[in-house]
Amino acid sequence: MKKEENRPPKYFLKFFQWYCHPQLRDHIEGDLMELYNERVKELGKRKADRKFIVDVLLLFRPGIIKPTEGYKNLTTYSMIKSYYTIAFRSLKRNKLHASINIVGLAIGMACCIFIALFVQFELGYDKQNKDADKIFRMGIDLEANRWAISAFPIGALLKDNFPEIEKFTRIKPIETLVLNSNNDVKHKEKVFYADSSVFDVLDIKLLKGSPTTALAEINSMVITEEKSKIYFGGEDPVGKTLTLPDSKTEYKITGVFSPLPSNSHVHIQIMVSSNNFEPMRPSSKQAWNYLTNHYTYLVLPKGVDYEGFAKKISAFMDKYQNITADQTPNRIKLQPLTSIHLHSNLGLEVEPNGNINTVYILSAIAFFILVIACINFMNLSTAQSLKRAREVGIRKVIGSKKSQLIVQFLSESVAISCIALVLSIVILILITPTLNSFSGKEIVLNPIENGYLILFFFVITFFVGIFGGIYPAFFLSGFQPTSVLKGSFIGNFKGQLLRKGLVVFQFAIAFVIMVGTYVVYSQLNFMQSKNLGFDREQTLILQLPKDSVGDVALKNEIAKLAAVKNVTRMLEVPGKMVRTTGIWYEGSPENKDVNMYIFSGDADLIKTMGMTMLKGEFFRPETKQFYKEFVINETALKRFGWTMDEAVGKLMDFGERGKEPGRVIGVIKDFHFKHLHDAIDPLVLYLEPNFESYFMAIKLRPGNLKESIADVEKTWKRVIPQHEFEYQFLDESFGKLFEQERKLGQLFSVFSSLALFISCLGLFGLASFTLEQSRKSVAVRKVMGASVSEIVMMMSKDFLKLVLMGMLLAAPIAYFVMNRWLQGFAYNVGFGWAVFFYATVAGLVIAFTTVSYHSMKAALSNPVENLKSE
Amino acid sequence: MKKYQLGEFEEIVMLTVGILYNEAYGVSIKKEIEVRLARKVSVGALQTALKRLEDKGYLKSREGEATEERAGRPKKYFQITALGKRAMEYAKSTRDELWSAIPKMALKTVTT
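Line by line, the protein sequences are chains A and B. The first sequence lines up with residues 1 to 870 when you count with the working numbering. The second sequence lines up with residues 1001 to 1112 when you count with the working numbering.
Isolated chain A, as found in the complex:
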């Protein structure tokens, strides 16, 4: 009981125990207690308590208070400090290996981060729209062809009949000239006719003007600030006017909008009221007859079954148009807005889209490049294990547990990957602008704008640190201290085997990417040089103006020029034809019309384009049999089940069979009128009376191209001075069709060289290590009379074997993957086995060059130097 009384104030004692340095705590507390007990006896409990409190408070001073890290942390802290000290020392000691490691990792990480950002960018298309998951674009399937377009009045019609449709909007792009009021700025622009609802549905923000009125009036126009600068300088554009000379309309600017982000499937800079386009007006009578590049977006309730809804509206349209059971029903499709960029590859897309496969391929490449870099890291760390073995032995003897050693080596590798991260950020900052301009994306390296960036940094750093470090950590921490310290520890065969395996793996990956590059390029080359069935060299393509009454006159004038061999007018440019219509022919199924590709060229088409007639004849220049004479291609012949001899004279007509059907007058040899991705389809050629707003192809004679073009331009200016002269070369416009393949090829080549480079870095490091180990054996061999070349061969052989093995392993994989890719082309170059030969030779040469630096060094060194020690 007495002791109970002699307790000092509890909370102050606790306070003291909390703040006091643990080393001092016990005996100071003892002193305090001793004093307290004395004071209780002398002065009484209250005074003793007070004095105790004063003492405790006076003890609260530096020197007595424990350090903030706390007592326990103190030792771990110094342990970790020692880990890092050792890590940096061993890095410093092996400058070559350290820099190989870090550079390799940094390049791999930079690649990986860039690709991650690229993929994120690609996946983020249109996601920023406030209703992203509610918006669907309407498309339509006609026969075998799928289009991204829809009829003009369909949006309004559906909105009136389906309460589910919250809103809809329509856009219709045209390419046209735009002229400012001062007549001094004139550019070709993509101008969109758009409904007022476009601001709401596509989430376009107006900086000036009101969304309800900006596009409501006829002749109103909204532009972006960027365009405003071009046409009006720094002035406020609102209230000013721009003219579209092609349609002779003056538009009043009613608003300024901020453009959609670069990761949108459509990029709009100029919009004009949809009331300016006759078929888009609600009052339009002819609107149903048009089916051009016009896009309708519907806003549906969240989580709607859009595929089911598309069937519903298709059925509705069948009823509306009185389509009977024996006619082709409507097949209207809906696509989620966010899937357009990566998953939609329909006809007449508003802009070329990306491809989900590219995203997959790039992600795989990014991953593998990182793996290659990690393998370097693993290989070099385990190769150096000999140097670290003693340290491990000592640490174990002193009492390190295996788990502690694992933590040590892992933290070492994480530290190295952090250094690599810093370097890779520098690389990223340097290369991103170039890669952006090359890929046409806008990838930002700003962690404030893109929070994921930090996440990527963290994830990748830790992935590399842990993945690259885990094996060496287990390997190194598994050494037996006794054998290591006795000095009898010589290498580790298991480790060597694994190292070799990893090199094989690395080169296998590099090989697959190399073969991929080669195949992509050879396919590209194949497509560009393939005989298309028409001649695309030295051919100019002009687009004829809409109101050119004198298109014949222009043709005749141009044909007179000395530099011109032939001129023809035609409906579309071969290589990107898209027009289809219903065609009836003798013996067609159920005697109905079948949807088919159509094309028209005047009498000079065959001559100008270098096409070949197989049977019958082409349209004669003097004929007036417009829409009544037909020429079919070989594929059509086969499809119709006709023989070559019976084809000429068969009956054929547009739409259903008319009273006076036309006749087939000839069979033309197949030519590639569509993209080479696609097989050649049946094609029907007919004769148009005029070719307004279509195309003219001019075959030039060999000679001075510039002068020839200038001559053509002069003629144009003379005949139709009111129109701008613009031209394109057929082969160039054709080449543009392969933009996607070319970009893929370029990306492949960049990454394959990087993969190869990182692999070689690793090989270089490994070679330097191995050859250092065998310096003595080389010296002995030299003394015994081995020549330099023999030694170089001997030293390189082992490595080359690994490289070769990797390539052998990779060959089937590369074959499988690239064959699949080639299947995507109706006409592909085929898988040449030569590619394996080239890739193997290239790989071996590069690997040999890499290794030979070290083997040469070893072979040329003076044996005395290496033997005199010991």
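Hints are computed from structural coordinates only; laboratory data are not their basis. Just so you know, these numbers come straight off a predicted model, no measurement behind them. We put the beta carbon where it would ideally sit given N, CA and C, even for glycine. Treat the hints loosely; a few may be bogus.
What the hints assert, rightly or not - If you want a taste of the chain B side facing chain A, the calculated C-beta under 10 Å gives, among others:
#1 Gly1026
#2 Val1027
#3 Lys1030
#4 Val1043
#5 Ala1045
#6 Thr1048
#7 Lys1051
#8 Arg1052
#9 Ser1061
#10 Glu1063
#11 Gly1064
#12 Ala1066
#13 Gly1072
#14 Arg1073
#15 Lys1076
Stated by the list, open to error - Here are the simulated lysine-lysine pairs, DSSO-like style, with alpha carbons at most 30 Å apart:
#16 A:Lys868 <-> A:Lys486
#17 B:Lys1031 <-> A:Lys51
#18 B:Lys1040 <-> A:Lys45
#19 A:Lys530 <-> A:Lys736
#20 B:Lys1085 <-> B:Lys1051
#21 B:Lys1040 <-> A:Lys41
#22 A:Lys81 <-> B:Lys1056
#23 A:Lys565 <-> A:Lys714
#24 B:Lys1051 <-> A:Lys47
#25 A:Lys868 <-> A:Lys797
#26 A:Lys47 <-> B:Lys1040
Position chain B relative to chain A; hints supplied.
Chain B only, in chain A's frame:
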């Protein structure tokens, strides 16, 4: 000059530790100083000084017995190290030197 640093209070503590010889621990040092010099010494000031002296290597310590009145906490006995002894001697000799350097006259004027 910086060779041996010993503050005034530190010197007192050192001397006291010397006086107490084998019995110098927190409470006894505190009491000794309070008795001999008739000045109050707080536990905090004393412990800080002891720690500082120990860190400097002038004192060394050993764990002592734990008694009931100390609630089972051990005593920490202090002892002067050789270095500590030298520091004390140095302090004394510098002081003596200074003393001997004062002219007699100066002191006389002070007393008068």
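For each hint, the structure was consulted:
1. Given hint, glycine 1026 (chain B) at the interface with chain A, holds; its Cβ is 4 Å from that chain's nearest Cβ, closer than 10 Å.
2. This hint holds: valine 1027 (chain B) has a C-beta 5 Å from the nearest C-beta of chain A, less than the 10 Å allowed.
3. Interface restraint check for lysine 1030 (chain B): the shortest CB-CB distance to chain A comes to about 8 Å, inside 10 Å, so the restraint holds.
4. The closest approach between the C-beta of valine 1043 (chain B) and any C-beta of chain A is roughly 4 Å, which is under the 10 Å cut-off, so the hint is satisfied.
5. The restraint placing alanine 1045 (chain B) at the interface with chain A holds, with a minimum CB-CB distance near 7 Å, inside the 10 Å limit.
6. For threonine 1048 (chain B), the suggested interface contact is upheld, since its CB lies about 5 Å from the closest CB of chain A, less than 10 Å.
7. The beta carbon of lysine 1051 (chain B) is positioned within 10 Å of a beta carbon in chain A (closest approach about 5 Å), and the interface hint is therefore held.
8. With a cut of 10 Å, the hint placing arginine 1052 (chain B) at the interface with chain A holds, because the nearest CB-to-CB distance is about 7 Å.
9. With 10 Å as the threshold, the beta carbon of serine 1061 (chain B) comes within range of chain A, its nearest partner Cβ sitting at about 8 Å, so the hint holds.
10. Given the 10 Å rule on beta carbons, the hint for glutamate 1063 (chain B) holds: about 8 Å separates it from the nearest Cβ of chain A.
11. Interface restraint check for glycine 1064 (chain B): the shortest CB-CB distance to chain A comes to about 8 Å, inside 10 Å, so the restraint holds.
12. Among the interface hints, the one on alanine 1066 (chain B) holds; its C-beta lies about 7 Å from the nearest C-beta in chain A, closer than the 10 Å criterion.
13. Using the Cβ-Cβ criterion of 10 Å, the hint placing glycine 1072 (chain B) at the interface with chain A is satisfied: the shortest such distance is roughly 8 Å.
14. The interface hint given for arginine 1073 (chain B) holds, since its Cβ lies 3 Å from the closest Cβ of chain A, which is under the 10 Å cut-off.
15. Below 10 Å, beta-carbon pairs count as interface contacts, and lysine 1076 (chain B) has one with chain A at about 4 Å; its hint therefore holds.
16. Restraint check: the Cα-Cα separation between lysine 868 (chain A) and lysine 486 (chain A) comes to about 24 Å, which is no more than 30 Å; the hinted pair holds.
17. This hinted pair checks out: lysine 1031 (chain B) and lysine 51 (chain A) have alpha carbons roughly 15 Å apart, not beyond 30 Å.
18. With a C-alpha separation of about 20 Å, the suggested pair lysine 1040 (chain B) and lysine 45 (chain A) falls inside the 30 Å cut-off, and the hint holds.
19. For a cut-off of 30 Å, the pair hint linking lysine 530 (chain A) to lysine 736 (chain A) stands: about 15 Å separates their Cα positions.
20. At roughly 17 Å between alpha-carbon atoms, lysine 1085 (chain B) and lysine 1051 (chain B) fall within 30 Å of each other, so this suggested pair holds.
21. Restraint check: the Cα-Cα separation between lysine 1040 (chain B) and lysine 41 (chain A) comes to about 19 Å, which is no more than 30 Å; the hinted pair holds.
22. Between lysine 81 (chain A) and lysine 1056 (chain B), the direct Cα distance comes to roughly 25 Å. Compliance with the 30 Å bound is thereby established for this hinted pair.
23. Under the criterion of a C-alpha separation no larger than 30 Å, the hint pairing lysine 565 (chain A) with lysine 714 (chain A) is consistent with the structure, at around 17 Å.
24. The straight-line distance between the Cα atoms of lysine 1051 (chain B) and lysine 47 (chain A) is roughly 28 Å, inside the 30 Å bound, and the hint therefore holds.
25. Taken as a hint, the lysine 868 (chain A) and lysine 797 (chain A) pair is honoured in the structure, with Cα atoms around 27 Å apart against an allowance of 30 Å.
26. Our distance criterion of 30 Å between C-alpha atoms is met by lysine 47 (chain A) and lysine 1040 (chain B), whose separation comes to about 16 Å.
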